[in-house]
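S.K.: Residue numbers (our numbering), protein chains in the order written: chain A, 1 to 518; chain B, 1 to 101.
Check each hint, because a few of them may be wrong.
Claimed, not checked - Restraint ranges, calculated between C-beta atoms of paired labels, are given here:
no.: 1; chain 1: A; residue 1: 492; chain 2: B; residue 2: 18; range: 52 to 60 Å
no.: 2; chain 1: A; residue 1: 347; chain 2: B; residue 2: 85; range: 48 to 56 Å
no.: 3; chain 1: A; residue 1: 298; chain 2: B; residue 2: 14; range: 21 to 29 Å
As the list claims (entries may be wrong) - Covered, in the sense of this in silico footprint (three residues per stretch, anywhere, with C-beta under 8 Å from a C-beta of chain A), are these stretches of chain B:
no.: 4; region: 21–35
no.: 5; region: 39–53
no.: 6; region: 61–73
no.: 7; region: 79–85
no.: 8; region: 88–99
Just so you know, the hints here were simulated from the structure itself, not pulled from any lab data. Everything numeric in this text was worked out from a predicted model, so none of it was measured. The beta-carbon is built from N, C-alpha and C at its ideal position, and this holds for glycine as well.
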Amino acid sequence: MTTSLTQSLSFYFSSTDYLLALPMLLLTLFALGILMIDLLLPKQWKQVNALTALAGLAFSAAAVGKLHWAYHVAQRQGLPFVDTGFMGSLLVDPFALYFFYLFLAGGAIAVLMSIRYLEIERENHGEFYALLLFSIVGMMCMAAGYDIVLIFIGLELMAISTYVLVGFLRRDKRSNEAALKYLLLGAFSSGIFAYGLSLFYGLTGSTNLAGIAQGLQQIIATRPNDPIVIFALLATTTGLLFKIAAVPFHQWAPDAYEGAPTSVTGFMSVAVKSAGWAMLLRIFLFGLYPLRSIYVPMLIFVAIATMTGGNLAAMTQTNLKRLLAYSSIAHVGYMLLGLIASDGRNNSTGIMAILIYLLVYTFMNLGAFAVITSLRRRNIIGDEIDDIAGLYFKAPTEAILMLVFLLSLAGIPPLAGFWGKYFIFLSLIQTGHYVLASVAVLYAVISMYYYMRIANAMLMRQPIEAEPVRLGPSMRLALTITALGTVGIGLFPNFFINAVNWSLGLTQGSQHMAALLR
Amino acid sequence: MTEIGTLHYLVVAAALFIIGTIGVLTRRNVVIILMSIELILNAVNLNLVAFSRLYGLHGQVFAIFVITDAAAEAAVGLGIIIAFFRNKETVNVDEVDLLKW
Chain A
1 MTTSLTQSLS
11 FYFSSTDYLL
21 ALPMLLLTLF
31 ALGILMIDLL
41 LPKQWKQVNA
51 LTALAGLAFS
61 AAAVGKLHWA
71 YHVAQRQGLP
81 FVDTGFMGSL
91 LVDPFALYFF
101 YLFLAGGAIA
111 VLMSIRYLEI
121 ERENHGEFYA
131 LLLFSIVGMM
141 CMAAGYDIVL
151 IFIGLELMAI
161 STYVLVGFLR
171 RDKRSNEAAL
181 KYLLLGAFSS
191 GIFAYGLSLF
201 YGLTGSTNLA
211 GIAQGLQQII
221 ATRPNDPIVI
231 FALLATTTGL
241 LFKIAAVPFH
251 QWAPDAYEGA
261 PTSVTGFMSV
271 AVKSAGWAML
281 LRIFLFGLYP
291 LRSIYVPMLI
301 FVAIATMTGG
311 NLAAMTQTNL
321 KRLLAYSSIA
331 HVGYMLLGLI
341 ASDGRNNSTG
351 IMAILIYLLV
361 YTFMNLGAFA
371 VITSLRRRNI
381 IGDEIDDIAG
391 LYFKAPTEAI
401 LMLVFLLSLA
411 GIPPLAGFWG
421 KYFIFLSLIQ
431 TGHYVLASVA
441 VLYAVISMYY
451 YMRIANAMLM
461 RQPIEAEPVR
471 LGPSMRLALT
481 ITALGTVGIG
491 LFPNFFINAV
501 NWSLGLTQGS
511 QHMAALLR
Chain B
1 MTEIGTLHYL
11 VVAAALFIIG
21 TIGVLTRRNV
31 VIILMSIELI
41 LNAVNLNLVA
51 FSRLYGLHGQ
61 VFAIFVITDA
71 AAEAAVGLGI
81 IIAFFRNKET
91 VNVDEVDLLK
101 W
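Sequences and hints are given; from them, build the entire structure.
M.R.: Quick look at the structure:
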């Protein structure tokens, strides 16, 4: 009986499939483990959950490292590396591996930020860490999905876990409300996205991205302006733009970011956004590439609206989390410019810029949110600009770190944020989008204003309340990692640029992204 | 009498999609908005199943996944609505107004 089951399973799945899915399988295992161990833990031992989550992330990272090494060895010896699994629905190529590392780093820093914060909020339950790991599994499916079924399931696994995480402070009205808004708008956009995907399946007869690209190529050749193709494209684009919070689908972001627990806000602004980008790049540059001449004009409009909306709305905010939410919308606008400039065939600088930007953004934005998280004290919510006033006089080291993160977000040269913007602008210049480049530079200057407003409150004003800011060991570690990342990438960008070039399969002198486009 | 073909299913699905979208945009009760979202997902299912008559089983498999996803979304959604109702005693979206700029 057992042998026949194994045999019939091995007809469908090989051991390579499981090896490729190992990072996800390990995370799922640890998440389920947390849910079970949590039942047995006495109240004062809840920190074990966080440790288990970190162990799960470490094991998953080791599995990603193993895949990375296998790929490296195969490449060096000129052997073929089997990177598709589960009948072509999973594709673990260097592009996916790069995003795996990004998600795991973001998740680990978010766990470190959460430990003390959840204790103060008295919501220290194991489910928090389990949901965090589940959402990372979903993100991995999105980055490695080569089939719209897997991409959609990954998207929903991530989204549903995040809805709960946003509403995790169940006694807090703002958290309830944020979760409700995020849920309604998120589910609505997923529905529209799925409708678009179902139409693409109907048009091309395939759920595989390669099949969709091939089918669309033929349709576009015979009927260039087919209304159903355009409607399907609009529906799919709506879903994709919603997930990365681009104007006009950004309304949920400030509300969800403000109401969510601060460590979750940090996690959402980097990891969830990176996952959205991974999915968007795969779909736009590969599956829907034949429609590029239709979607680029839409994206130009969206990118300008996103930069305008994000930057202008951020200027008037008084809540730190809301301000950073609008700033993150503005950053999405810059990244969209990279996609407009580069198509991955003739020019790839923009795509490379997006990947660098996401890496840099992971460190600098999580760092800024880590500082805001530490402002939550016994009776102080600590997310208004007034709460950060005079931070320099209370906790000088932390204030200096926050200044570093803010300058990096503004894109000041020796820091990491500069390189993200530099390559975006470079790609625009290379492809002759001079107007867009000047608009982007203009907005980058405007953004200085609201970042400096925070810095001004922190360094120049006197503290409003006397409650000291204390850091736990895990928060210190989170701040150290993010600060090292922000300064390190800024000073030694070459290593990271090489990593991104490897993940896109860009070789010296070639602009064709061999890895992503196959 | 004409035979019922793929197009008929697609028209029904499109109608469901439009009803769902209008429901989300105009209704004020959160539970009804959630039901409208379910309508949209069912439109997707109908599309997928109709197309899979032409192309093979992939669409039906996708539809099963979408059904599962709709169930999960409804469970989490109702949970969030209950948590919200406990604190605010309302399920009306007009009164969801704590967070705004």
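S.K.: Confirm or reject each hint.
M.R.: Against the structure, the hints come out as follows:
Remark: the range hint 52 to 60 Å for residue 492 of chain A to residue 18 of chain B is upheld by a beta-carbon distance near 54 Å. Separated by about 53 Å at the C-beta atoms, residue 347 of chain A and residue 85 of chain B satisfy the suggested range of 48 to 56 Å. Separation of residue 298 of chain A from residue 14 of chain B is about 22 Å and conforms to the stated range, judged on CB atoms against 21 to 29 Å. Residues of the region 21–35 of chain B lying with their CB closer than 8 Å to a CB of chain A number 5, which satisfies the three-residue condition for coverage.
Note: the region 39–53 of chain B has 8 residues with beta-carbon separation from chain A under 8 Å; the three-residue rule is met and the coverage holds. By the rule of at least three residues with a Cβ nearer than 8 Å to a Cβ of chain A, the coverage given for the region 61–73 of chain B holds, with 7 such residues. With 5 residues having a beta carbon nearer than 8 Å to a beta carbon of chain A, the region 79–85 of chain B meets the requirement of three or more and the stated coverage holds. A count of 5 residues in the region 88–99 of chain B with a Cβ less than 8 Å from any Cβ of chain A is obtained; the coverage claim is therefore met, three being the minimum.
Hint compliance for this structure: every hint is met.
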